[in-house]
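Novice: Sequence:
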Amino acid sequence: MLQIKNLNVSYGSIHAVRNLSLEVQEGEAVALIGANGAGKTTTVNAISGTIPSKGSIIYQGKELNGLAAHKVVKEGIVMVPEGRRIFPKLSVVNNLIMGAYARKTSKKELQQEIEKIFVLFPRLAERRSQMAGTLSGGEQQMLAVGRAMMAKPKLLILDEPSMGLAPIVVKSIFSTINRIKQEGLTILLIEQNATMALSVADRGYVLENGEIRFHDTAKNLREQDVVKKAYLG
33 MLQIKNLNVS
43 YGSIHAVRNL
53 SLEVQEGEAV
63 ALIGANGAGK
73 TTTVNAISGT
83 IPSKGSIIYQ
93 GKELNGLAAH
103 KVVKEGIVMV
113 PEGRRIFPKL
123 SVVNNLIMGA
133 YARKTSKKEL
143 QQEIEKIFVL
153 FPRLAERRSQ
163 MAGTLSGGEQ
173 QMLAVGRAMM
183 AKPKLLILDE
193 PSMGLAPIVV
203 KSIFSTINRI
213 KQEGLTILLI
223 EQNATMALSV
233 ADRGYVLENG
243 EIRFHDTAKN
253 LREQDVVKKA
263 YLG
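Quick note: the sequence shown uses the numbering used here, first residue 33, plus one each step.
Rather than coming from a laboratory, the hints here were simulated on the basis of the structure. Keep in mind that a hint or two might mislead.
No more than 20 Å apart at the CA atoms, straight line, and that leaves these computed lysine-lysine pairs for PhoX-like [stated by the list, open to error]: (1) Lys-184 - Lys-213; (2) Lys-103 - Lys-184; (3) Lys-184 - Lys-148; (4) Lys-86 - Lys-103.
Generate the whole structure from the sequences, applying the supplied hints.
Specialist: Shown next, in the form of structure tokens:
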């Protein structure tokens, strides 16, 4: 579904991503893990078209590099950004509606899709009329994922979904990610929490200083001593 070949991103004299290549097959969950500053978010920003890059980003046979970010969304790639970036002064429901802005859908269909999100995240149903800015960090992350799901993505990119959340909330978020995966949605998961990321992923890439150091099945990565020592505690 997604093939990245020799991706390079620079910020002035800083070469943030170097000759990165990875692929995501339809229906699988792939984790891109690494320490803070390794280049993970830069990589997904390049995929989503929000920063310029060199190299090839092929999605379903189409070259995306150079495509505007809103057109990348229309191709079916939707990202839940680091830091969530919900609309704090809009209600939970209106945030979800904003997720479907690029699609043509009837009011009835829209309502049905919102109810599906509430099934996925019952806590959001309880707070449907609440201003998003008053939600807890975990609830805001649920809302960010729900809003992305409203866009009917073919490829869902999750950028650091565990950031700043309590361990019990992280466990809940990843349980939901696993449910979404089981429904067949293709996922690219960007995470500093390697243990949780590899628990739901089929395959993983380890990024260090902008370069892929390791690539294997999630199971094999969890068992590699060098990965365990550096990322799994």
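Novice: If a hint holds in the structure, say so; if it doesn't, say that too.
Specialist: Structure-based check of all given hints:
1. With a C-alpha separation of about 14 Å, the suggested pair Lys-184 and Lys-213 falls inside the 20 Å cut-off, and the hint holds.
2. For the hint pairing Lys-103 with Lys-184, the CA-to-CA distance comes to about 14 Å; that is within 20 Å, so the pair holds.
3. Restraint check for Lys-184 and Lys-148: satisfied, since their Cα atoms lie roughly 12 Å apart, inside the 20 Å limit.
4. The hinted pair formed by Lys-86 and Lys-103 meets the criterion: a straight-line CA distance of about 18 Å does not exceed 20 Å.
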